[in-house]
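Model the full assembly from the supplied sequences, consistent with the hints where possible.
Sequences listed follow chains A and B, in order. If you're matching positions, the first sequence starts at 518 in the working numbering and goes up one per residue. If you're matching positions, the second sequence starts at 518 in the working numbering and goes up one per residue.
Hint data in this document are derived by calculation from the structure and do not stem from the laboratory. A portion of the hints provided could be inaccurate.
No copy labels: a pair is met if it fits in one copy or bridges any two.
[Unchecked claim] Straight-line alpha carbon distances no greater than 27 Å define the calculated BS3-like cross-link-like pairs of lysine-lysine that follow:
#	residue 1	residue 2
1	K663	K674
2	K579	K629
3	K663	K579
4	K579	K534
5	K629	K677
6	K627	K564
7	K677	K627
8	K663	K534
9	K663	K677
10	K677	K579
11	K674	K579
12	K663	K564
13	K564	K677
14	K663	K629
15	K579	K564
16	K564	K674
Number of protein chains: 2
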Amino acid sequence: MGNGLIVSISGPSGVGKGTVIERLREMLPDSGRSISATSRAPRGEEKDGVEYYFRTREEFEKMIADGEIVEYDQYVGNYYGTPLTPLLTMSQGGQDVLLDLTVPGSLALKEKFDETVTIFLLPPSFEELRNRLVGRGTETEDLVEKRLSEARGEIEKAPKFDYVVTNRSVEQAADEIAAIMLAEHCRYQRRSVEVDTLLAE
Amino acid sequence: MGNGLIVSISGPSGVGKGTVIERLREMLPDSGRSISATSRAPRGEEKDGVEYYFRTREEFEKMIADGEIVEYDQYVGNYYGTPLTPLLTMSQGGQDVLLDLTVPGSLALKEKFDETVTIFLLPPSFEELRNRLVGRGTETEDLVEKRLSEARGEIEKAPKFDYVVTNRSVEQAADEIAAIMLAEHCRYQRRSVEVDTLLAE
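Quick look at the structure:
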């Protein structure tokens, strides 16, 4: 059995990434989930190693220095990042891992692990993206405009991704991502052991 | 709409390529079929442009010289090859084209059109390949040994292909090839117009 895929999915706020990833996890129940590390304090019932790996700022900074954080960002004064070891353990155990990352996070991970499969989730149109943002009912009009402007900057980075999937419907987007994962498993680089085993017969 | 894919499928004699391609054509009824050109004479009811494009040796050689034949081979003194124009017409019209080619044919086409998606169909084992060859009931024991030895030489070329699909069952192999085609449509290079259109809004 070969290594599992490391698949990172990014896209602008409001594109429906969370729903698509949730659908994918139902379709691919054996896939692994990467748990982020953060320096923020646990809230309510949150447990270390479940919602997040909770670390102090100093611990987090040491993890960065040790190369144990493959990509990270700061948000409201706290670090959020992807720890290396669980990712490698899952992948080397043959498990595909799905990552929900920011656009810079995906690109940083790809730079570190060239074999990462990066997927950009695109809205069908800006109008549809606006409708989805307004439909959430949580954003003020100003914040909707800010998100749309950020979305444009993110979409300009789509050329750096391996694949672009337009989220017309959750089913269609999840089906396309599942096809990408199946296809990536068929790439010669990931099947070379099978070819070598056959030739050694 | 973007260009259709040019997909070439190769594999050793007896691997079940014909059956897998037949199943794929049922799954993808809109895909195009490339008709080979040949210098052999039509047999029985064969019609020009249906089973083959029938050309004289001189015409075929002029087509090669004109770059109108993307890959060709000689078999029992006759030329067989893939003509360029119908291939481009189908692909530029947005139609995916499935090609059933020899191993050198696939590699020659890939060299000419780097965007060609090349798929190598692998038997699960040499024992299974032998069973399938013997099962056809058309090959003498000597010919089976010859085919197995040729198969080894062909499988050694698998590393030059984009994808390797093991034909464990017709359904599984056809599903994997269909996933590869869907995934290839999602590659950024083939979706760039969609991204540019969105950004131009």
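Problem set entry | Identical-chain pair category, K677 with K579, by Cα at 27 Å | neither (30 Å within a copy, 43 Å between copies)
For this session: Could you figure out if K629 and K677 sit no more than 27 Å apart (CA to CA) within one copy, between two copies, both or neither?
Result: For K629 and K677, both the intra-copy (14 Å) and inter-copy (26 Å) Cα distances are at most 27 Å.
Exercise. When no copy is specified for K564 and K674, does a C-alpha distance of 27 Å or less occur within a copy, between copies, both, or neither?
Worked result: neither (35 Å within a copy, 52 Å between copies)
For this session: Please work out whether the CA atoms of K663 and K579 approach to 27 Å or closer within one copy, between two copies, in both situations, or in neither?
Result: Neither. Shortest intra-copy (34 Å) and inter-copy (62 Å) distances fail the 27 Å Cα cut-off.
Exercise. How would you classify K677 and K627 at a CA-CA limit of 27 Å: within, between, both, or neither?
Worked result: Result: close both inside a copy and across copies, 10 Å intra and 24 Å inter.
Problem set entry | Intra/inter-copy verdict for K663 and K677 if alpha-carbon distance must be at most 27 Å | Close inside one copy (23 Å), not across copies (47 Å); limit 27 Å.
Problem set entry | Status of K674 relative to K663 across identical chains (alpha carbons, at most 27 Å) | Close inside one copy (17 Å), not across copies (53 Å); limit 27 Å.
Problem set entry | Up to 27 Å CA-CA - K534 versus K579, copy category | So K579 and K534 fail the 27 Å test inside a copy (31 Å) and across (54 Å) alike.
For this session: Since the copies are identical, ignore which copy is meant and state whether K579 and K564 lie within 27 Å (CA to CA) inside a copy, between copies, both or neither.
Result: Close inside one copy (21 Å), not across copies (74 Å); limit 27 Å.
Problem set entry | Homo-oligomer pair classification [K579, K674; C-alpha up to 27 Å] | neither (30 Å within a copy, 47 Å between copies)
Exercise. When no copy is specified for K663 and K629, does a C-alpha distance of 27 Å or less occur within a copy, between copies, both, or neither?
Worked result: neither (30 Å within a copy, 47 Å between copies)
Exercise. Between copies, within a copy, both or neither: which fits K564 and K677 at Cα up to 27 Å?
Worked result: The answer is neither: 35 Å in one copy and 48 Å across copies each exceed 27 Å.
When the structure is compared with the earlier hints, violations turn up for hints 3, 4, 6, 10, 11, 12, 13, 14 and 16 and for no others.
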